[in-house]
Structures are given as structure tokens and as C-alpha cells.
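A.B. asks: Could you slot chain B with the ligands onto chain A? The hints should help.
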Amino acid sequence: MSEQAGGTTRQGDGGPSPDGAVLSLAGISKRFGAVHALSDASLAVKAGEVVALVGDNGAGKSTMIKAIAGVNPADDGEILWEGRPVTITKPHDAATLGIATVYQDLALCDNLDVVANLFLGNEVANGIVLDEISMERRATELLDTLSVKIPSVRTPVASLSGGQRQSVAIARSLLGEPKVVLLDEPTAALGVAQTAQVLDLIERLRDRGLGVVLISHNLADVRAVADRVAVLRLGRNAGEFVMAETSQEQIVEAITGASESVVTRRQARVEAAEAARDVGQKRQASDPQEQS
Amino acid sequence: MTALRTPADATGVEAAPLSSYVNGYWSRVRGGEMGALPAILGLIVLCTVFSIVRPAFLTAGNFANLLPQGAAVTVIAMGLVFVLLLGEIDLSAGYTSGVCAAILALALSDYDLPWYLAILAALVTGTVVGFVLGSLVAKVGIPSFVVTLAAFLAFQGVVLLLIKGGTIISIQDPVILAIGNKNVPPVLGWVLFALGVGAYAAVQLLRIRGRQRRGLTHDPLSLVLIRVGALAVLGGWAVYVLNQERSRNPAIVSLKGVPIVVPIIVALLVILTFVLKRTGYGLHIYAVGGNREAARRAGINTDRIRISAFVVCSTMAAVGGIIAASRANSVDANTGGSNVLLYAVGAAVIGGTSLFGGKGRILDAVLGGAVVAVIDNGMGLMGFSSGVRFIVTGSVLLLAAGVDALSRRRAATAGLR
Ligand SMILES: Nc1ncnc2c1ncn2[C@@H]1O[C@H](COP(=O)(O)OP(=O)(O)OP(=O)(O)O)[C@@H](O)[C@H]1O
Ligand SMILES: [Mg+2]
Chain A
435 MSEQAGGTTR QGDGGPSPDG AVLSLAGISK RFGAVHALSD ASLAVKAGEV
485 VALVGDNGAG KSTMIKAIAG VNPADDGEIL WEGRPVTITK PHDAATLGIA
535 TVYQDLALCD NLDVVANLFL GNEVANGIVL DEISMERRAT ELLDTLSVKI
585 PSVRTPVASL SGGQRQSVAI ARSLLGEPKV VLLDEPTAAL GVAQTAQVLD
635 LIERLRDRGL GVVLISHNLA DVRAVADRVA VLRLGRNAGE FVMAETSQEQ
685 IVEAITGASE SVVTRRQARV EAAEAARDVG QKRQASDPQE QS
Chain B
2 MTALRTPADA TGVEAAPLSS YVNGYWSRVR GGEMGALPAI LGLIVLCTVF
52 SIVRPAFLTA GNFANLLPQG AAVTVIAMGL VFVLLLGEID LSAGYTSGVC
102 AAILALALSD YDLPWYLAIL AALVTGTVVG FVLGSLVAKV GIPSFVVTLA
152 AFLAFQGVVL LLIKGGTIIS IQDPVILAIG NKNVPPVLGW VLFALGVGAY
202 AAVQLLRIRG RQRRGLTHDP LSLVLIRVGA LAVLGGWAVY VLNQERSRNP
252 AIVSLKGVPI VVPIIVALLV ILTFVLKRTG YGLHIYAVGG NREAARRAGI
302 NTDRIRISAF VVCSTMAAVG GIIAASRANS VDANTGGSNV LLYAVGAAVI
352 GGTSLFGGKG RILDAVLGGA VVAVIDNGMG LMGFSSGVRF IVTGSVLLLA
402 AGVDALSRRR AATAGLR
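If you're matching them up, the sequences are chains A and B in order.
Just so we're aligned, residue 435 is where the first sequence starts under my numbering, counting upward by one.
Just so we're aligned, residue 2 is where the second sequence starts under my numbering, counting upward by one.
Keep in mind that the hints were calculated from the coordinates and are not lab data.
No false leads were slipped in.
Dumping the calculated DMTMM-like pairs for lysine to aspartate or glutamate here, alpha-carbon to alpha-carbon at most 25 Å:
#1 A:Lys-583 x B:Asp-220
#2 B:Lys-140 x A:Asp-527
#3 A:Lys-613 x B:Glu-294
#4 B:Lys-183 x B:Glu-246
For reference, chain A alone in the conformation it holds in the complex (with noise of 0.2 Å):
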């Protein structure tokens, strides 16, 4: 392992594939039929980062946390855990590794409670019988030191609310002690409380030294927590970025692919129009003068 004293290089170039990365892919591809999903992408993350993946409706970024998270491997690509080449083909790979993966599309057992939900496939059992009292106690303790609040741990999911079922979705992805845990826009359909919750969580994870891989389409969320931004655009990387050196701008140029598009010339002409209203103002306001 290369990893640097520090660890995060945050100043660095933002160059592909930083050293010390935990995980980095390269050349990664994935076909459905005709479709391109992605072609020859790339991604890194190191430890205690926090990496924003961004791109517009079907850039190809849940196809990429699927294909690092084993359910829906690439077709052709490199994947380097630690710095060593790795193949992973189902998600007990992944899991073995250390990757965690908290889905768009939750993946909760609405009929099951939280604890069942949390322990799903990693329950503790003294033999063939369940150790309902340990993983209750560890679900307690975890979701203790998220700050997640839920009524109780015995209550089925269903009737949790959003944020609720995404902090367990989250928290259920740091069970097996990952190293690198990826969210597919975890705050898509939630509430401004709600995503601020999140958030905090996922600077919480940050600061313990996690990996983590965030998807969002929104910019805000984005610059609130990401250290770096990577950019995929149809398929294909198109630009990574320093968060605290970047603008907002360059990051949207990015996404739709052209200085020259439809939101920079929605936002050519919300500006235009703002300054239009401030002239009106302004000769309004010197109106009367003239008239006097």
C-alpha cells in the first residue's frame, strides 16, 4: 500500500486516480444491448473523502456504483482495491472487500423491522437460532452513534419516513465495517431537515475515515460535503474537480457537456433579466427627477 502520510491530498492536481486511493477503476465499460452505458470510465476515492459522482439523467452513475458493488459487473475495466487488481462479479465481493453500497432504489424489506433490515445477511446466530438480542443491542448502539432517530428498532420499515428509512439504509451499509461506502443520491426524495440530517451523516462517516462515493444531482448538497467531483457525461468521464477550487459554472459545463447550453443560457437569462430589473429600478428611482 502507497498510502500517504496525511492521506487526503486535497490540494493535489485532481488528476485521475490519485495515489493511495482505496479504490480506483480504469477503463471501465458496461453495455445493456445498443446502449452504452459507460465507456472506458475512471473513479477514485481515497480514505476520509468524500467524492461526488455527477451527471445528468442516465450518465451511466447508478451503472457504475452497480458495477463497483457487484450487482451488475462491467463488462471490461480494472478495479484496484488498496492498489492490488480485484475482480468483483456478486456483491459478497464487494462486501468482502469492504465496499458497502446504499442503492437509489432503497433495497429495505418494507415487512421486515429495522433490525432485520440492518442484519439482513449478516445476522448473528448462536447455531440456526437468531441472536435477536445481540443484533438488537448492536442496531441500538449504531444507530446511536449515527444520531439516527426512530421510534423503535422493532418497527417494520414501512412505516419509518424517508430520511428514517435512509439513515437505516445507510447505517445497514456500515455493519460490516466497510471501507468505501457508496450512495446513490441519497437525498433524491427527501426534505431540507432530512437532507441536512444526511449530510451531517455523511461528513460522520468522513470523519471515521471512510471512503465514501456520493451521487447527487444536487450541486448544493454536492459542494456542502464533497471534497472532489467527478463528472461523467454519456457514458464518459468529463472532468474532475477540487471542490474548493471550482465553480459552480465549470461543474454545470461539465455535466451538459458545452459552454454554451441550455442551463447557461437559462442562467444567461435569469442574469439578463436581473440586470434589466435593477436598470429599471435604477431609472425608477431617477425617474421623478427627470420629471421634477
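C.D. replies: Then chain B with the ligands, alone, in the frame of chain A:
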């Protein structure tokens, strides 16, 4: 348990008061989670009506008849719960029981096998059938409705071939015949009852103790005492009634005791409930039924779970077939046919198991099986033709499925989904 427990010596967590459990239950019922309530209410209403209209219904003799009558359907329904929990269906379970019963009869008559090998042959047949059905559903991907509908037809033919056309294979083996027709000696009945209630109480109390010690919330002691008390009263009453002399002519032949099928059903109920509620396998069944994709992503081998559910279902159908063959003293082309499957599905659904998957218990099959048996028995006593009985049972099944669908909608609007 220590009788005195000051709040200070517990680790800060106390039992919630009984009233909060009652409130919780009531709000679940109103939210559409009716559970076993309709079946229990239905049983009470049906039994009351039948006892008033036909006093013969409320006799020890009829009670003792009712249990073995409903046993085969109940056992098949228990197996069906596994498949229904996955949101699948097994329409062939009835005829699977017929095929297994025919194998049992042939093993006894044509091959002169001892009873235990004959039972083994029937069970293995069920297991193999379940494995094939499950593989076709899980691995090949044919909808279970179609797979088992095809099997429904095919197994009907298999039964005909096995019993060589229209003949009837009678069963002579005394052990097999005892299963559906004989009773447990009265003393043994009381011993089993005491063991059962004692074990139930012990399990409940140990559970409270364990949770208390680790500082987790637990059921209040009063609730446990109510449960144990209810079991003791109901079970004790049933054993008492069944231990009465039922023979018209006790001097010649004495007829008393709990039918042997009862401890068999209780044992299956306990074992399968344990499997579903206390093991990882059971949890995975619920998980696959609740959200198959989520279960898959959690690393659960969903194909294996689905196949195994069909294996359990068909093996339980074999047990049902053995009981049916024993009860009828023979196997013929109708064994496991006509209303058996619909009664079994009806039993599971009436008891509260959802046709949409993810929700259900083994106890549902027993409660629903009791409802179906009571309807069948009571209406028979009232002299209705089997045509009317079919229509009524069909309507009750539809009613139960309607309750299931409506409670699901209710749960959705109440934000429980
Ligand atoms: N299972 C699939 N079968 C066929 N095509 C697929 C499948 N999954 C994704 N695709 C296609 O691959 C492309 C990338 O999809 P992906 O879900 O990765 O986009 P995304 O960046 O996550 O978009 P969004 O922001 O809308 O979630 C899309 O064109 C999509 O239609
Ligand atoms: Mg997506």
C-alpha cells in the same frame, strides 16, 4: 424469576405497560394489520351459530371428528404458507398430496414395505416434487402459477396411473391407520398438555429474562401470563372434553382421548414456527417475499430460498396426503383432489397470510384450517349438500382475500408502506 424487581436493579429499561401493547395492537388493526383477528372472530361466530342451530355440533364426539377431518388441509396449508410468503402459489399441492398418498399405499400393498419406509417414500416423493417445481420457478423463470397449474393437471394423471384407473387401494397397516383414526391415551394427553404449556411458559419467561439482562425492552410479565393462561385454559378444556368417553357402547369399545393428529399438528406448528421466526433461513423467506431485489443485494441466494419453499410446501403436502390416506383408510383417484387445494389456500389466507407475499405465519394455517373445517363440518350437520358447502367455502376464501387486499390498501394509505 425474582419476584421482586425494583426499577433500580434493571438496566434502566422497563417493560412497557400492558396498556401500550393493547393500544399498539389496536392501532395496527386499524391500520389494516388485522392478523388473526378475522379468523378468530369467524371461529367464534361460526361455532356459536352452529351450536345453536345444531346442538349435535357441540358434542365431544363431533369435536373429536372435526380435528382429523381438518388435519390434512391444515397441514397442506402450513406448507403453502412458505410459498405464499414468497408471493408465489402452489396450485398443485392438493394433487401432490394425492400422489404421495398413492406412493404410500403402493409401498404398503404392492411392495410390502414397513410403515416407516412407506412414509419415507411418500415424504421423499414430496421433496422431489417440490424441488422440481421450485427449480422450474426459480431457475427457469416460469411463473409459479403456470408451473403448478401444469403440475395440478399432470399429478391428477399420475394419481390415476399409480392407482391403475378406477381402483381403490385400501390401507391395512395398523400404524398408518392409527394416525388419522386413533386417539392418544387420556393420561398421555394430559402429560403432553402439561409439557406443552410448561415449555411455552418457560420459553416466554426465559426470553423476558434474557432481554431484561441485556437492558432491552420486553413484553410485560402480565402479557406473558395472559398468553400462558389462555393457552392453559383453552388447551386444558380441549383435552378435558376429548378425554370424555365418546363411545355409544363403552362396554364393547372405549373411545376417548385426544386424536393423534392433534399432537402431530402441534409439533409441526412449533417446528415450522421456530424455523420461520427464529432462524436466519426463516428471516430470508420473509425478506425474499418482502423485497426480492433487496434480499439479493443483501447477499441472500434467492433462488435457493425459493426452491426450498416449494420443497417445504410439497413435503408438507406429502404429510397431508399420509394423514388423508390414513383417515380414509384408502387411496383413490380423488385423494388430494376436488376441494383440498382450495381449502388449503383458503385456510392460509383466512388465517391472515397475505397472497402478496411477505406476511404470514404458520399459526394462520391452523386457525384458517379450523375455520374451514368448522364450516365444512357444521354445514354438513345442517344437511347442506356439498354443492352449497363449496359455494360457501369459496365465498369465505374470496372474503378473506378481499380483506387481505383491502388491508394492504389501507396500510398503503396509512403510510405503512
Ligand atoms: N438494466 C438496464 N437495462 C438496460 N439499460 C440500462 C439498464 N440500466 C441502465 N441502463 C441504461 O444505461 C444508461 C445509464 O443509466 P444509469 O442508471 O447508470 O444512469 P444514472 O446516471 O444513474 O441516471 P439517473 O441520474 O437518472 O439515476 C441509461 O441510458 C439507461 O437507460
Ligand atoms: Mg441513477
